[in-house]
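**Q** Below, each chain spelled out in residue letters.
There are 2 protein chains.
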Amino acid sequence: MVWEEIVKQSSIAVVGLGSMGLGMARSLLRTGLDVSGCDINPAALDGLKASGGHPFATPAQACENADIAVIVVVNAAQTESVLFGPDGAVAVMKPGSLIISSATMSPADAKALAARAAEKGIHILDAPISGGAAKADEGKLTVMASGSAEAFAKAKPALDAMAETVYELGDAVGIGSSFKIVNQLLAGVHIAAACEAITFAKSLDLDITRVFEVITKSAGNSWMFENRVPRVLAGDYNPRSAVSIFTKDLGIVSDLGRKQKFPLPIASAALQLFVMTEAAGMGGDDDASVARLLARIAGVTLPGVKEEI
Amino acid sequence: MVWEEIVKQSSIAVVGLGSMGLGMARSLLRTGLDVSGCDINPAALDGLKASGGHPFATPAQACENADIAVIVVVNAAQTESVLFGPDGAVAVMKPGSLIISSATMSPADAKALAARAAEKGIHILDAPISGGAAKADEGKLTVMASGSAEAFAKAKPALDAMAETVYELGDAVGIGSSFKIVNQLLAGVHIAAACEAITFAKSLDLDITRVFEVITKSAGNSWMFENRVPRVLAGDYNPRSAVSIFTKDLGIVSDLGRKQKFPLPIASAALQLFVMTEAAGMGGDDDASVARLLARIAGVTLPGVKEEI
Numbered sequence: 001m002v003w004e005e006i007v008k009q010s011s012i013a014v015v016g017l018g019s020m021g022l023g024m025a026r027s028l029l030r031t032g033l034d035v036s037g038c039d040i041n042p043a044a045l046d047g048l049k050a051s052g053g054h055p056f057a058t059p060a061q062a063c064e065n066a067d068i069a070v071i072v073v074v075n076a077a078q079t080e081s082v083l084f085g086p087d088g089a090v091a092v093m094k095p096g097s098l099i100i101s102s103a104t105m106s107p108a109d110a111k112a113l114a115a116r117a118a119e120k121g122i123h124i125l126d127a128p129i130s131g132g133a134a135k136a137d138e139g140k141l142t143v144m145a146s147g148s149a150e151a152f153a154k155a156k157p158a159l160d161a162m163a164e165t166v167y168e169l170g171d172a173v174g175i176g177s178s179f180k181i182v183n184q185l186l187a188g189v190h191i192a193a194a195c196e197a198i199t200f201a202k203s204l205d206l207d208i209t210r211v212f213e214v215i216t217k218s219a220g221n222s223w224m225f226e227n228r229v230p231r232v233l234a235g236d237y238n239p240r241s242a243v244s245i246f247t248k249d250l251g252i253v254s255d256l257g258r259k260q261k262f263p264l265p266i267a268s269a270a271l272q273l274f275v276m277t278e279a280a281g282m283g284g285d286d287d288a289s290v291a292r293l294l295a296r297i298a299g300v301t302l303p304g305v306k307e308e309i
Numbered sequence: 001m002v003w004e005e006i007v008k009q010s011s012i013a014v015v016g017l018g019s020m021g022l023g024m025a026r027s028l029l030r031t032g033l034d035v036s037g038c039d040i041n042p043a044a045l046d047g048l049k050a051s052g053g054h055p056f057a058t059p060a061q062a063c064e065n066a067d068i069a070v071i072v073v074v075n076a077a078q079t080e081s082v083l084f085g086p087d088g089a090v091a092v093m094k095p096g097s098l099i100i101s102s103a104t105m106s107p108a109d110a111k112a113l114a115a116r117a118a119e120k121g122i123h124i125l126d127a128p129i130s131g132g133a134a135k136a137d138e139g140k141l142t143v144m145a146s147g148s149a150e151a152f153a154k155a156k157p158a159l160d161a162m163a164e165t166v167y168e169l170g171d172a173v174g175i176g177s178s179f180k181i182v183n184q185l186l187a188g189v190h191i192a193a194a195c196e197a198i199t200f201a202k203s204l205d206l207d208i209t210r211v212f213e214v215i216t217k218s219a220g221n222s223w224m225f226e227n228r229v230p231r232v233l234a235g236d237y238n239p240r241s242a243v244s245i246f247t248k249d250l251g252i253v254s255d256l257g258r259k260q261k262f263p264l265p266i267a268s269a270a271l272q273l274f275v276m277t278e279a280a281g282m283g284g285d286d287d288a289s290v291a292r293l294l295a296r297i298a299g300v301t302l303p304g305v306k307e308e309i
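First to last, the sequence lines map onto chains A and B.
Position 18 (the first sequence) corresponds to 18 in full-length UniProt numbering; numbering is contiguous.
Position 14 (the second sequence) corresponds to 14 in full-length UniProt numbering; numbering is contiguous.
Just so you know, the hints here were simulated from the structure itself, not pulled from any lab data.
Watch out, some of these pointers could steer you wrong.
Given that identical chains are not distinguished, each listed pair holds provided it fits within a single copy or across any two copies.
Said to hold, decoys possible - Below, computed lysine-lysine pairings styled on DSSO-like, alpha-carbon distance capped at 27 angstroms: (1) 120 x 140; (2) 259 x 248; (3) 120 x 217; (4) 217 x 154; (5) 154 x 261; (6) 261 x 140; (7) 259 x 94.
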């Protein structure tokens with residue numbers, strides 16, 4: 001696929017047009033901003049084009065005139081490659097421009113990337129996101145952000161377009177990433193616990209629709225129980241958020257715990273459940289598939305799940 | 001201590017006047033009902049008397065004229081002893097009377113107790129409770145109940161006085177207990193995860209008051225995170241609900257999982273954290289003490305916690 005059109009690259013670029021990035025690009029476009037973007041997946045580029053944005057093949061092309069580059073890839077390694085790899089963004093961006101870094105990564109990785117960008121006079125806002133694809137598309141994300149006052153000021157029009165809530169968590173890159181990691185620890189544990197509990201309830205012959213109704217009004221409730229269990233009740237494991245996302249994010253949590261010499265027994269148990277679910281071939285399916293794994297293992301009949309492994 | 005007064009035993013008795021039972025007795029008294037009660041702790045009997053109830057030394061004495069006996073002890077073994085032990089309630093209660101059984105126990109234990117009571121023509125409502133001491137005192141508990149239509153009808157005035165929400169979950173004893181166990185699985189995991197996450201956040205040098213604020217508005221939130229983390233922020237480990245309650249309840253969860261041959265990796269990890277916290281001498285302290293344990297182990301400075309183990 002070749003992008004033959006001659007267009008002036010926009011002052012805002014979004015690199016990484018997955019379920020989150022494309023929604024964020026669309027939110028930027030909706031406020032009248034001109035948005036360039038790139039992704040390694042041609043279908044994602046088509047999506048950007050259909051929404052009125054300008055697709056490019058490489059980060060360098062998408063970011064050539066960018067005053068703000070929003071990076072929404074999956075981890076630190078991809079962010080590093082997008083920024084500093086061949087055809088990377090930083091080489092073409094001007095001093096004083098801004099990178100909004102939204103992938104989940106360790107605070108150390110966020111700091112290292114910011115230090116390298118600073119050598120070129122480029123600011124980084126450490127700005128992990130929360131809220132899921134639907135909120136991304138509505139411009140209603142939550143952003144857990146840290147960085148210099150200058151980075152925040154420069155980011156404002158983009159953040160206003162993409163987010164409902166922006167937490168300004170400090171002036172140092174790394175703080176935003178740390179907050180996101182704590183959130184992901186809890187989110188991952190709560191998904192795994194929700195799947196364990198609802199499948200256990202079925203093994204006890206309980207009416208799991210009733211269990212959902214009672215638990216969501218009781219002390220056992222969590223945001224994730226309320227959000228994920230309906231997928232188990234419907235037997236619908238089409239990915240809204242894939243198992244592999246939490247294998248990755250709880251992997252970052254686990255790595256950081258070992259580095260800090262901080263024990264994380266609950267997060268580790270949850271990580272292993274996501275690893276098992278991915279190992280059983282469900283890495284690309286919805287993360288509620290942890291329930292499917294347990295149902296198959298234990299011979300429990302959940303809606304839409306065959307009793308086999 | 002001797003209870004010299006000659007009083008007519010009431011038609012409602014509460015056996016077990018701990019933080020939950022005393023509140024339930026007070027809620028019954030507030031609606032104008034006459035309430036007898038007993039507990040092995042003399043201070044609890046004083047509390048009942050101060051609230052206008054009639055204290056007795058044994059279940060048999062408290063329940064002699066009881067049409068309804070509410071049993072709010074800690075587990076199946078204590079419930080069995082209260083009902084069928086020396087000076088037990090069932091020996092003195094009349095056919096057609098009702099036992100409201102509110103201790104957390106396995107469905108098999110609940111069924112076994114109900115079968116023995118049925119031999120004497122006494123009904124059991126399987127009615128575990130949720131909501132904590134404050135809700136007990138306000139008459140605003142949640143009751144997860146199952147039992148015959150006759151048991152529900154007979155229980156109505158007592159349930160109306162003690163509960164804001166009564167879930168009628170089925171006509172068989174055991175269902176209510178199963179729902180409670182699923183709730184306790186989630187509640188216990190979420191307490192342990194909340195403690196793990198907030199202490200980890202401190203180890204990352206985050207402002208944990210800000211972490212509380214952000215997480216309670218994010219996908220990582222849980223009812224327990226919202227309820228327990230303020231205790232960690234305040235460094236207040238006076239027991240609202242003790243560590244030993246969750247060692248017990250997650251123990252029941254774990255036993256039932258093994259009996260069912262259902263794997264519970266997350267609940268097991270949480271159980272071990274409560275066992276560790278109890279082993280470290282904090283069994284009688286608030287269950288948020290899991291955070292204190294982790295802080296002491298990892299040398300993290302939480303409010304009010306000395307860095308020693």
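**Q** State for each hint whether it applies.
**A** These are the hints, each one checked on the structure:
1. 120 x 140: neither (32 angstroms within a copy, 62 angstroms between copies)
2. 259 x 248: Answer is within; shortest intra-copy Cα gap is 16 angstroms, inter-copy 33 angstroms.
3. 120 x 217: neither (53 angstroms within a copy, 36 angstroms between copies)
4. 217 x 154: Between copies only: 25 angstroms across, 42 angstroms inside.
5. 154 x 261: Neither: 37 angstroms inside a chain and 57 angstroms across chains, both beyond 27 angstroms.
6. 261 x 140: Neither. Shortest intra-copy (36 angstroms) and inter-copy (43 angstroms) distances fail the 27 angstroms Cα cut-off.
7. 259 x 94: Neither: 35 angstroms inside a copy, 65 angstroms across copies.
Consistency with the previously given hints fails for numbers 1, 3, 5, 6, 7, ordered from lowest to highest.
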